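There are 2 protein chains.
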Amino acid sequence: MIYVVILAGGKGTRFWPISRETWPKQMINILGEESLLRQSIKRLDGFLPKDRIWIVTTEKLSQDIRFHLRGLGKGMDQIGFILEPCGRNTAPAIGLAAITLNKISPDAIMIVMPSDHAILDTKAFQEKLRLGIRVAEQGYLVTFGIKPNRPETAYGYIRSGLTLENSPEEVFHVERFLEKPDLRTAETFIASGNYYWNSGIFIWKVSHIMKEIENHLPWLYRGLKKISELKDSKVFDEIYSSFENISIDYGVIEKSQNLLVIPSDFGWSDLGNWAALDDILERDKRGNILQGNIIDINSENSTVIASHRLIATIGLKNMVVVDTPDATLVSSKEKIHGIREVVETLNRSGREEHLIHQTVEKPWGSYTVLEKGDRYKIKRVVLHPKAKLSLQIHHHRSEHWVVISGTARVVRGEEVFEVHPNESTFIPISMKHRLENPGLIPLQIIEVQNGDYVKEDDIERLDDDYQRIKKE
Amino acid sequence: MIYVVILAGGKGTRFWPISRETWPKQMINILGEESLLRQSIKRLDGFLPKDRIWIVTTEKLSQDIRFHLRGLGKGMDQIGFILEPCGRNTAPAIGLAAITLNKISPDAIMIVMPSDHAILDTKAFQEKLRLGIRVAEQGYLVTFGIKPNRPETAYGYIRSGLTLENSPEEVFHVERFLEKPDLRTAETFIASGNYYWNSGIFIWKVSHIMKEIENHLPWLYRGLKKISELKDSKVFDEIYSSFENISIDYGVIEKSQNLLVIPSDFGWSDLGNWAALDDILERDKRGNILQGNIIDINSENSTVIASHRLIATIGLKNMVVVDTPDATLVSSKEKIHGIREVVETLNRSGREEHLIHQTVEKPWGSYTVLEKGDRYKIKRVVLHPKAKLSLQIHHHRSEHWVVISGTARVVRGEEVFEVHPNESTFIPISMKHRLENPGLIPLQIIEVQNGDYVKEDDIERLDDDYQRIKKE
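Residue numbers (this note's numbering), protein chains in the order written: chain A, 17 to 488; chain B, 17 to 488.
So here's chain A without its partners, still in its complex pose:
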């Protein structure tokens, strides 16, 4: 039996402001028309059935990810979810997946892959996975190594040693494993020709990785054992939260004596930050990547990602500009790692620009805050056909709804009626109400909220299609 474990719990800070904590990098369309996570799943089409795929993510993200995956094709509801009470980096996440699969079969092959990398050549990727499975079955931890083209200091490096005997294709024993070297060291690695970037994709037997965790991270092993014997989810939360934040690379791979590396060339990039798009996307004659509503005058080697608003750029060199409705990033490519400081500053100041977008995706559609002011808030709300919001009450605000397109079915107190484009209705404070789209096209309304308190948490849900009623 073969299983794929996709790690999808990351916050994707380095792709701020498009990536936000509640809608992180793996869920956004950085490359092409699908999110990185959806691409990661599609990349397995024809390789193995959906019920062999497990997604590890945080409880917080899991509902949005489930809805995010809808429409990807048949069998999506067969994908398993392994939920972390909180993010604790890849060693605990992979450990949690391992004990889950261990219950199914300790002999199962476990393929681990990130959800937010780029892999352009699916055919080559699947072929390398097949090779990896064959050698993992012989009792190795298998890594996939990317031939480096520059002395990148943000990656882990793998030094290949002897060739694996009896392998029809190139597979090497790993001699050395080194996370994030300094520039001079990275340069000597490139010069030597025997080093590969660690792609973060791994294959091993479930029983094998369990044993390696036991050897190298015994505290984690003990915690996982306890978790696997638990019934009570509160204790699970406590144990998991107490785990050290540590990556599988630092915690296990670097220390293992049992590693193989398969040199791979499937158009990989870890998309570490905005500057990494240069490796993957086509650039114009001047070396620019320009997407969206842009007027550029003579910029060079710059990446500008705009949305609706006009971005005018003049004479930029090696810059990144990324615009969203509520936050704009302007950075030199060289200093792009400063995004971390920006996000920390936002966090410290109790702001929201690193957490949520102005347009918030919901299972039933989305809403966009057009303006917030003293005692009022204006939203555009879009409901998918046949979707409905929860039956709800607000205790501090009334709402005016003006229908822009589609047809609204409104529950207001004991009344039920329909509202058409160019008509409106009014929901007084404390009146129970529900908005529904009974039609076949999206319903768009403008909602004007008035009240002493117009924040999202003023909501009491009486009935919900999406199981969001909190039970104490």
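Don't read these hints as lab results, they were simulated from the structure. Since the structure is predicted, the reported quantities are computational estimates derived from the model, not experimental observations.
Note that the list lumps identical chains together, so a pair holds whenever it fits in one copy or between two copies.
Lysine to aspartate or glutamate pairs mimicking DMTMM-like chemistry, simulated, CA-CA at most 20 angstroms apart: (1) K393 - E463; (2) K333 - E357; (3) K333 - E316; (4) K388 - D342; (5) K388 - E463; (6) K333 - E350; (7) K349 - E316; (8) K351 - E316.
The hints should help you fit chain B onto chain A, whose structure is shown.
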């Protein structure tokens, strides 16, 4: 008699995106809390009464400028307006002012000044004007020269010659006058020590400048003579529009034999573009000017002007970033003149970002377009206390009004009623209506427009407090 003529017809392209054609540079608060035009008028307080001030501007801008000047203090309604049918640069504009003043008194002294420059030292400025008046009365064209501190190639240079005899203070005859030299020439000017920047401020007798125009721009003189004898405004428009676009510097000053220069040090900058703020505004330790909602990480010598939206800047060097709700500029300081190309591109593409702001100032208040979509538009409308919109009809849209704050008096067909915060009303297509603020605090409403056509020109005004009813 002494008159001041303030030139206020410019488009201020170089301060885009904050400056827009309908609300240009002279009307915005680039320095401090008053617009440059309002500062230009205040700078004359105590120097001469308001009824000696004339503003030359285009017909298009004049109504907005009149309203823009309200609240500046007593006597504002005594400021005269001289209206150009269209912009034709400073030679025709000054000529038009000269023939206007010539009818009052050919012997009058005429002080000409731009409306969009910075002058930080009002006392020194007024003293230099008094000196200028004294020597202009002796029959000279008087210019004010600024000691240059760098080889700027965008300015005009004045080479001083012999000292004017019998003058108690430093006044020189002008030996040479040169517009916009190349860099090498500018450097030799600085080295020689006898060159001054042309501040664009002039003093002369009305009869004297008329004579100089007659000598150096005879076609303009003939046109102005015709205009001064006219009654019919249509012919005026035709003649004025036919004038060549030429500055007073190129057309008259450079050729005149009768020039004086008064060396001046009153904290002047022509605020030629965003990079010029460096000369005038205080910079932080790293040489940055940071205004508004900004998180900056390690930028240097950069100017960032933000508004509500967050602008995060990382590692910028010698950059300018200016954000507005519908357009953001990101430019190297060195290449900032490329703004001209941006504005030309907008113009060619039939776009609006160079013409109007998302918030449009009106005599009665303002409106902000929060969102435009297919068949709808959402606006926040703010009415000053006691203000009212015109009695009007829209033939292609209906309007929902939700009151956010203040009290609205609504005329709807034959009804008149009041709408309070948290209440709404609906104006069907083709129904005559009027919105008024009868109260003492601003009235804010959210207007949701629905219809096949939701542009501003679908308006038929039946009655208007602001004389905006078009007569054919």
